[in-house]
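Colleague: Single-letter residue listing:
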Amino acid sequence: MTTKDAPLILQKDRYFDANTEKRKISRHLYRLAKDLPLVCPHGHVDPKLFAENSPFGDPTELLVIPDHYLYRMLYSQGIPMESLGVPRIDGGATETDHRKIWQIVGENFYLFRGTPTGCWLKHELHDVFGIRKRLTGDTAMEIYDQISDALAKPENLPRAMFERFNIEVLATTDSPIDTLEHHQKIRGSGWNGRIIPSFRPDQVTDIALPEWRKNIDNLSQISGIDCTNYRGFIRALEERRQFFIEMGATATDHGVKTPFTIELSAKEATNLFEKAISGRATSEDAKAFTAQILMESARMSIEDGLTMMLHPGAYRNHNEWVLKTFGRDKGCDIPMQTDYVENMKPLLNKYGTNPKLTLIVFTLDETSYARELAPLAGHYPAMKLGPAWWFHDSPEGMLRYRRMVTETAGIYNTVGFNDDTRAFPSIPARHDLARRIDSRFLADLVTEHVIDLDEAEEMIVDLSYNLVKKNYKL
Amino acid sequence: MTTKDAPLILQKDRYFDANTEKRKISRHLYRLAKDLPLVCPHGHVDPKLFAENSPFGDPTELLVIPDHYLYRMLYSQGIPMESLGVPRIDGGATETDHRKIWQIVGENFYLFRGTPTGCWLKHELHDVFGIRKRLTGDTAMEIYDQISDALAKPENLPRAMFERFNIEVLATTDSPIDTLEHHQKIRGSGWNGRIIPSFRPDQVTDIALPEWRKNIDNLSQISGIDCTNYRGFIRALEERRQFFIEMGATATDHGVKTPFTIELSAKEATNLFEKAISGRATSEDAKAFTAQILMESARMSIEDGLTMMLHPGAYRNHNEWVLKTFGRDKGCDIPMQTDYVENMKPLLNKYGTNPKLTLIVFTLDETSYARELAPLAGHYPAMKLGPAWWFHDSPEGMLRYRRMVTETAGIYNTVGFNDDTRAFPSIPARHDLARRIDSRFLADLVTEHVIDLDEAEEMIVDLSYNLVKKNYKL
Amino acid sequence: MTTKDAPLILQKDRYFDANTEKRKISRHLYRLAKDLPLVCPHGHVDPKLFAENSPFGDPTELLVIPDHYLYRMLYSQGIPMESLGVPRIDGGATETDHRKIWQIVGENFYLFRGTPTGCWLKHELHDVFGIRKRLTGDTAMEIYDQISDALAKPENLPRAMFERFNIEVLATTDSPIDTLEHHQKIRGSGWNGRIIPSFRPDQVTDIALPEWRKNIDNLSQISGIDCTNYRGFIRALEERRQFFIEMGATATDHGVKTPFTIELSAKEATNLFEKAISGRATSEDAKAFTAQILMESARMSIEDGLTMMLHPGAYRNHNEWVLKTFGRDKGCDIPMQTDYVENMKPLLNKYGTNPKLTLIVFTLDETSYARELAPLAGHYPAMKLGPAWWFHDSPEGMLRYRRMVTETAGIYNTVGFNDDTRAFPSIPARHDLARRIDSRFLADLVTEHVIDLDEAEEMIVDLSYNLVKKNYKL
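One line per chain: the protein sequences are A, B and C, in this order. With this note's numbering applied, the first sequence covers 374 to 847. With this note's numbering applied, the second sequence covers 374 to 847. With this note's numbering applied, the third sequence covers 374 to 847.
Worth double-checking, as some hints may not be accurate.
[What the hints assert, rightly or not] With a straight-line Cα cutoff of 35 Å, these simulated DSBU-like cross-link-like pairs (lysine-lysine) come out: (1) B:Lys843 - A:Lys407; (2) A:Lys723 - B:Lys630; (3) C:Lys846 - B:Lys723; (4) C:Lys473 - B:Lys729; (5) C:Lys703 - B:Lys843; (6) C:Lys846 - A:Lys703.
Bear in mind the hints are in silico, worked out from the structure with no lab data behind them.
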């Protein structure tokens, strides 16, 4: 399934439609976007990278073992995660020969044909590491060595890469019980790369988590506030948000199964919290508590100005064996059907018209783009629509997003792209893909005379740069 | 966000694909459709316009204040509805300077880039009012004056416009408790524009409406039948339908949250109605009653020949503050997921094979096009599928509709376009867009050799003219 | 609605995009696929055809009466099924003049413009029967005679057609209580066409069927095992699977309303079965029993190696009058919304990682392609995704499938095409259409530089031939 010695070429017109007129306009618009700084308002890069600025590990350590996009596909074809070096919780044996792992990736890289992971990795290999041959079983070892060499160079240290990538700001995702020590260290280092935290409270707000009670104790400790009662808990969240703001944060993030919201009385909320603290909360209670916390978070955002991101719709850790053996976030999250109309009504009715709130809603359920989300974002002043995300930040996925959203919400109720990645060296590839697809989308509108070229020229800059800065207050 | 002095040009190939071959065939097919009379079987134009034939108001009064498509987008970007002159229920202050309102629209018209509202308004400004500059903050006042001048001319009186637009028939949407005085006046005027009512009984059949009980009294009064019992109520509906038929009506229309239908016994229906009359009906009762009324309406249609339209799937007035402050239909209706398979089974099983029934079903849930509606319309003789509607009568929306519906239902189980608008001067723009998109869709089929050109030539005329006349019996 | 004497031409570039570059590459890729043998892993052709090898009936008998795709469209336009010769259960009068029926089809063949049924039939008429005129009311009788003549020739006997069609293997769909006598006869005949059964146990596993109890008695009889207790029932299934394997079967097939699965204890399963045997099972029981049988079937597949197909999502026999009058499978099955995430979790958690299982999941709910099925198939090693199916094996339907599935699951978690037809002479047309659409899809990826041409060359062969052989173990 491989071709020996095929060259690796990044075609200059990639991801554009083949029609001559469309391609020409896509190219023109892309030229206006490609050198704009990268704004990364939501992602999972480890800030430690930049605090320490140590060399990245070997190619397998950098590009394979932490990337569940990559190994989930290999796993789906029967390649055990152990053979790819993914660590087991029980410390059981996994492959330690990183060259051998890379060889498996090379032999199976054909599986990624037609996938965004394939697109990103090719871009990354070519542009970041200077690879010029297609990754196959035949070329795997040669490429491994080339990447290893590249990683040893000072120009490929994390901070140097950050600068070379032209990243204007990179937001990480952090827990309220995180000390943000790495962010502090970066600040103290004199390096002026802008790396800011985001406030993601799920670990202390999801009362269904087994470790929730422990997290509450940690929250008490770090905040110096007794969090075993609802009032203290809420106050601690507010104070931690202040600390995050001091550390540069401009946004919060909420990962929930459904966007269910509800207005509880103070008494009901207090009772729920007490049930949770005493270990008597049911799954229904957990659902109600999450709904209540979303309401409280919107209220806090109005008070402290943090943009609020809402990421619903994933059935987390669907494969229980993988969860038990390898832990969370190992490529077994599955999107679910999601209702926004009934679920978000309480929150939108209470805060959706408040000019102080920016609520960015994401979805994994594309059926809601045209049906629910564009109409909601096209009406409520506070609500904006997040970009095609996770499973959908791909060429077809991003085109579907624009085509289903724009006609009702316009582009000005959307907020630009986010890469949402923990794979730092893939960031330029992801933004490049998004900018190309937006250029292509706009070229369609121009050639079909829905908009004029000068409008598209403004829009591509808005989509690539202005909207994200505005909505995340960056 | 504006470009000074950009010209406003209606490109002759707008909305066609840029591929040369496709464009050529689209153009050819469109030429066969563009001059066909406009048939408008479902809409919300006020018949008073034509009864009185007075000049339209100023540009803001005509094009902004009544158009919730337009101001919902501005509202979504934080522009208060008061500042756009939308009247408050409590009579509270709203902007009265119409030039100032128009200026806001001009400054923010860039928000409509890529939206059908943008397409329609550009067409309307260009073709109806002779504007040749792009609407921006810079040009707003100049354009306001030009439109004002145009509106003062006799050629822009409602009846003259009706004739110039080449409208063959225009159906309005009317309540059973409407006297149809405007329709009567038009008939008596000697003018031969064909403006007919449609029978939309929601106001007297939705027992959940706060004003329902009052409407029943009005129905009793206008029909001369005591409607406080079920039998009388049904008889009054039947008699009002007869009156509408005498006034030219050919269709009924039913706006419901879900297309739930149910076969109740006479006793159950009577009991439900009694609960409603005595103010004891629950929301479950309201759902069942609506379901029962759909069954009764189908039965009546079989008896009196009125085509039956069913419009489900909108969560009405989602923003309660807007509802309370400005009233219904102010741009806060949100589409919902809708099931047709289980919900419509009782009705389709009872009447779906009856050759005397034409039941046109609409949807706001595009996921049901290929999955449910095309298979249902491709089987039941009585059922036809309404066009892409409301949020979806846009270039992409109408293309998705054709692509998802045609393969299972063909085009002959669909019923042509309807503009569904209260914005009279936008009617030509809307039909033009639909005809262009249908031409484009058929050009795809021709260039991909799914159909031959001569077949497409017949189909474009069927889609633009014949199917709507046939299915609405016009 | 017809054009006299229009020629019937199969354009060589049909179903390809009109863009010159895309068309050229589509054509190139299609050339690599078009002569590959047809592998037909799932369908409903009657094996008796090949056991007896008698001439096919007249054109109407062959192409109209058994094809519910064809007559459902005519029925939807008000043409009674009786007038098309579809037999009534009560033996009531139906049209017997087959020329008259064919005339109706000719007159109404324009209804199939833009449908896959139209595409297939045109291909079939042209390539299988040598017709060169478009089928209309004017040409119907002439074409009837030509087909009749063709059917009389030895080259159009079933076995000769099978060979001419280049079919490598054809799987039928058979009940556990079928003796497979026709398969036995084919084997004994010395003819080496490979026609194999598939094991579809619905008739004995769906306890909601009115005839279920009788089927159980038949199962007892044919297996020689008392099937009135759960243990015997399961053992009988296992033994019948063995018999099917001996007869060449490589797969089982399960048609269910939802893909709900559940892990019951032996006792619970036994109790359920006893309730069913004693006629006391509720519809909830039937749902649970089906869910349990899916689990048992997966276990059996792991033991005996049969690939397992799961076909959920049809509301069967939606039109009760048609069911009562004409019986099952008469064109009134309607796709339903289907959840895979929660429903399949028990089965996938228990067996989804087992390397001995190949579970091929189909859907009629396209919204699940990108949202649920591609992520599930892109993770679980045992799960593969079946092709666009039934209502969706059309040009647009298959393109949507590839575009929504490939980015997350790649092509290597899909399993090639199946024709799923009972209309034997339409098989080449169906595979040809699928191969063309796959060529077109890959040409898009090549011209947009997502993949290289040599990769597409491998992929088209994989999609057309290798994947189906591998996953169905053919």
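Colleague: Each hint needs a verdict: does it hold in this structure or not?
Modeller: Cross-check of the supplied hints:
| no. | hint | in the structure |
| --- | --- | --- |
| 1 | B:Lys843 - A:Lys407 | 53 Å, violated |
| 2 | A:Lys723 - B:Lys630 | 23 Å, holds |
| 3 | C:Lys846 - B:Lys723 | 47 Å, violated |
| 4 | C:Lys473 - B:Lys729 | 25 Å, holds |
| 5 | C:Lys703 - B:Lys843 | 28 Å, holds |
| 6 | C:Lys846 - A:Lys703 | 30 Å, holds |
Checked against the numbered hints given earlier, the structure breaks hints 1, 3 and satisfies all the rest.
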